[in-house]
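Undergrad: Given next are the chains, with one letter for each unit.
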Amino acid sequence: MSEELTASKRVEKREQYTRWINRSVGVGVAGFFVGTAAWMVTDAAVALFVGLGVYWLGCLGMALGYWTSPVSVRDELQARMEREASQTTFAFVTGVTILGLPADVVLSSTGVYTAPAAARGVIWGYLLLLFVFGVAHWATKRQYA
Amino acid sequence: MDNEIATYREREGLSQGALATEVGVSRQTINAVERDRYDPSLELAFKLAAYFECRIEDIFHPDVTLE
Chain U
13 MSEELTASKR VEKREQYTRW INRSVGVGVA GFFVGTAAWM VTDAAVALFV GLGVYWLGCL
73 GMALGYWTSP VSVRDELQAR MEREASQTTF AFVTGVTILG LPADVVLSST GVYTAPAAAR
133 GVIWGYLLLL FVFGVAHWAT KRQYA
Chain E
11 MDNEIATYRE REGLSQGALA TEVGVSRQTI NAVERDRYDP SLELAFKLAA YFECRIEDIF
71 HPDVTLE
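In order, the protein sequence lines correspond to chains U and E.
Take the first sequence: its letters are residues 13 to 157, numbered as in my numbering.
Take the second sequence: its letters are residues 11 to 77, numbered as in my numbering.
Only chain U is shown next, with the shape it has when bound in the complex (with noise of 0.2 Å):
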């Protein structure tokens, strides 16, 4: 929290970066689409490329609007909700990776049923998501400890 910010500058420092991440966002989506449309229309593999990096450099402009905001770019609602739709995201992620996995190396060890690799993949992915949720917790927790 930046104590040098009345609570208005703070409101309009939020709006500003706010708008800033999203128009970054929306320019690099808009540029892969055009970048996009323009090979198929010239079957030029440099309109991929440039689109692409146009995507990219609006991946950077959101990423520099969430370092360099000097505020919160979410007010406390905003953070909350956004807390708990991870928290059920993660609930879902759990139970399918609980439930999936042992059925996946048994199912498939035992040549019962192999699922099709797209739902092997997702499962595995999951496993792979909740190892880094392992480690971000235990960072988290080493900064309250």
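Just so you know, the hints here were simulated from the structure itself, not pulled from any lab data.
Using N, Cα and C, we set each Cβ at its ideal position, and we do this for glycine too.
Among the clues, some could well be false.
As the list claims (entries may be wrong) - Straight-line alpha carbon distances no greater than 30 Å define the calculated DSS-like cross-link-like pairs of lysine-lysine that follow:
#, chain 1, residue 1, chain 2, residue 2
1, E, K57, U, K21
2, U, K25, E, K57
3, U, K153, E, K57
To be verified - Going by beta-carbon spacing under 8 Å, a handful of chain U positions derived as facing chain E:
#, residue
4, S20
5, R22
6, E88
Start from chain U and add chain E according to the hints.
TA: Using the frame of chain U, we list chain E on its own:
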């Protein structure tokens, strides 16, 4: 948490958006607090009390009992 934010705000002749700007949050946050959908952070509660020049207990009525 039951609260008197709307009463205090209307007494000052403020819109939700104007109050939100005064305490540095979004209009949606003030709306959610007034409708008892969201309990504000301690920081926001203190800011609201400071803005209305009253104590936190005057505007928030938590249902807290110690066992």
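Undergrad: Please go over all the hints and tell whether each is borne out by the structure.
TA: Here is how each hint holds up against the structure:
no., hint, result
1, E:K57 / U:K21, "holds, 15 Å"
2, U:K25 / E:K57, "holds, 18 Å"
3, U:K153 / E:K57, "holds, 29 Å"
4, S20, "holds, 5 Å"
5, R22, "holds, 4 Å"
6, E88, "holds, 5 Å"
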